[in-house]
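S.K.: Residue numbers (my numbering), protein chains in the order written: chain A, 1 to 282; chain B, 283 to 574.
None of these hints come from the bench; they were simulated from the model. Each statement offered as a hint is correct.
Chain B stretches covered by chain A per the calculated footprint, using a threshold of three residues with CB under 8 angstroms from any CB of chain A:
1) 294-302
2) 395-408
3) 414-422
4) 538-548
5) 556-562
List time: in silico DSS-like cross-link candidates among lysine-lysine, alpha-carbon distance up to 30 angstroms:
6) A:K275 x B:K284
7) B:K347 x B:K330
8) A:K135 x B:K347
Derived list of chain B stretches under chain A, where covered just means 3 residues or more per stretch with a C-beta under 8 angstroms from a C-beta of chain A:
9) 368-381
10) 445-452
11) 455-462
12) 510-520
13) 523-534
Every residue, glycine too, gets a C-beta built ideally from N, C-alpha and C.
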Amino acid sequence: MVENRPLLTFLAHGALILGVIVVAFPVYLALIASTHPVSAFSSGVIPLLPGREMAANYATMLGQGISTAGAPPLWGLLGNSLVMALAIALGKIAISITSAFAIVYFRFPLRNLAFWAIFITLMLPVEVRIVPTFKVVADLGMLNSYAGLTIPLIASATATFLFRQVFLTIPDELLEAARIDGAGPLRFFRDILLPLSRTNIAALFVILFIYGWNQYLWPLLITTDERFYTIVAAIKRMAETADAEPYWNLIMASAVLAMLPPVLVVIAMQRLFVKGLIETEK
Amino acid sequence: MKRTIFGNQLLPWLLLAPQLAITAVFFLWPAGQAVWQSFLRQDAFGLKTSFVGLTNYAALLGDAKYLNAVQVTVVFSIAVAALSMGVALMLALAVDRGLRGARAYTTLLVWPYAVAPAVAGVMWWFLFNPTIGILPYALRAVGYDWNHGLQPRDAMTLVVIAASWKQISYNFLFFVAGLQAIPGSLREAAAIDGAGPARRFATITFPLLSPTTFFLLVVNVVYTMFDTFAVIHATTQGGPMQSTTILVYKVFDDGFLGLNLGASGAQSVVLMGIVIVLTVVQFRFIERRVEY
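Bound conformation, chain B alone:
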């Protein structure tokens, strides 16, 4: 809070006007529309619209495809968060040893942040191409017949790898920052007491890194739930057999391709609920992080 301020009453509104106008027209109004539509049902020809209360929500709970999308999202989020955070933590620990060339390594590891998720998806799609891709070629040598067009497990593996690849750089930077914030004296004291590197990691580094880890977990879940839409749309398009249809993809699929506005609206509202919970968790966590 500022003690000294300006007294004008009109000027602050003029300064806020562009932001508020865009927020109202492109955020609040459409969000309100999604909520409103979630209570409506249109007939097959779009001629008659009737108010149906919570029917669309009830239908979601009974829809096997929706429940499948929930399950796919959970698997996908956990896999991407675990893979990208695990790899990033290992790399960050390696850099934190104060090696020669640490800065060069960092530069060589952070640039994938700038690659668009869609472009990352297309590149991995190429690498995994069943006929000419290099990775299926290598897999055939060990007797595995890769085909992400038919095999749900292969398709999921493909999108998990593409999405994680892009996220490693982000997690790496935050882990490095987290590691640098841990006082060296703690680890030195433990070393003098005879604790080896593994033990120091388990009893000092990892616990002190937990705020960073938790923060990254939330960010990664948000990333996999929303930003990876492009990875999936540019590669598997949710298939085969809905095996990579995450919730965000299903909103798009039902709304634009299926033109089922009621169902799409109800799904949007559920997703907004999830984002609100995640945002609140993130903000409460950041308030607590100040203590560290």
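In isolation and in its complexed conformation, chain A is listed as follows:
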């Protein structure tokens, strides 16, 4: 602090408390809504204080779902989301770290072309090429499968660049020493590069896990079989029927379940999360 101004300090606390309240407000109401019986939503205004039906609502959603709203039991959906988030995060890290290794530690013809081919994926977000990508996946018979949910999303220019930056900062002497000791490329990769990039991998994993968990359009399009629904994509299917039958308590219970895992990851691993966020944007 440059100087002591009690009024400004007071205002700063006020602004932050207000900010925290505004940020938490929708989630608070969602949480409250998930503790009431469905009758609380038929008229009047949504409740502001907790009700008594919390356990029942969550048990209903996890165990049975709402069949009229096209929502299967949520345990399955949460499992699918977990599989998708883990596969995308680990897949992206695996193929990016080997790509970066190839680009940094080898000289081969067309190396620049390979680099640019990866770079270009940065400019082709899935939303932009959605129709032809859907067609490719359909032609390959990958609709309604975990492969279809994850593989098309795991190419990553950002992760490749990040590992390239990390490898470029590793001193050449390490490689020279490893070679004198008789280590080949794969051994050097496993025993030196992987341990040295451990925190970068962890930080990236946090960001990519959230990215994978929060996927929406892609799972919505390629899953028509409820065995492969993910929770984030399913919320929308439930909310669509909410105007006819206001199961707001159950929909909000699902919303809370859908955001809980990634939010817990951010809170539990805040330092890695901030590191990952700032690194991936470099």
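Guided by the hints, dock chain B onto chain A, whose structure is given.
M.R.: Just chain B, lined up with the frame of chain A:
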């Protein structure tokens, strides 16, 4: 560039193979298809396809709905960027005063990053529900009849708030990092020279923060143009009367619901052009940022 390298020729290709295969099959090939389709026209039954050159692009320029989507996208991007960056900057300035509990405040402000855009949309949709929502209830008390199902302005406000809410945490973290990079001695010197907090912000903090601000502006525009698809699809679905149909939503709408592949392809190509420009701007900026 590494001085010491391995000599193998085959191994690097094996290491690159998975990434390149996925890139080719799921990125380059579909993108090529979009470009190719943008030059074709199918008849109403999908039986005959003919090459029509730039007709689809010309049709876009003459299509009132497309031009409307361009306008909606611009309004939406500016509103979300201004709202989320403005709020985030204020919060970051407050935290940067070195208050007690700064870390706790940070934790309480960053978690919405992890909430899926679709879930954020559904929650705000609930809060703004015209019959039982709390916010329309409050608005009725001051005499405003909220209805995002009928009123284009209400619908736009809803998606702007939902999209900004989620983005505040991201902008906040980068503003805090930017503020911490400004040497304290500069502000102290200005304070000794008699500059008050407002003046110090205007003449020192804000100018030195401009690289961060510019970087965030680009990131936020990319976010509103592409990642907010879920917010809109989960809530207003582009309506009412196309008032929240952004460009990405229209590509999806024309391609999947309208099955107009030519028009959808041409729109995809235009969007790719926009992403390429934004990416180049971002990368050139980052190269320059090194000087700071």
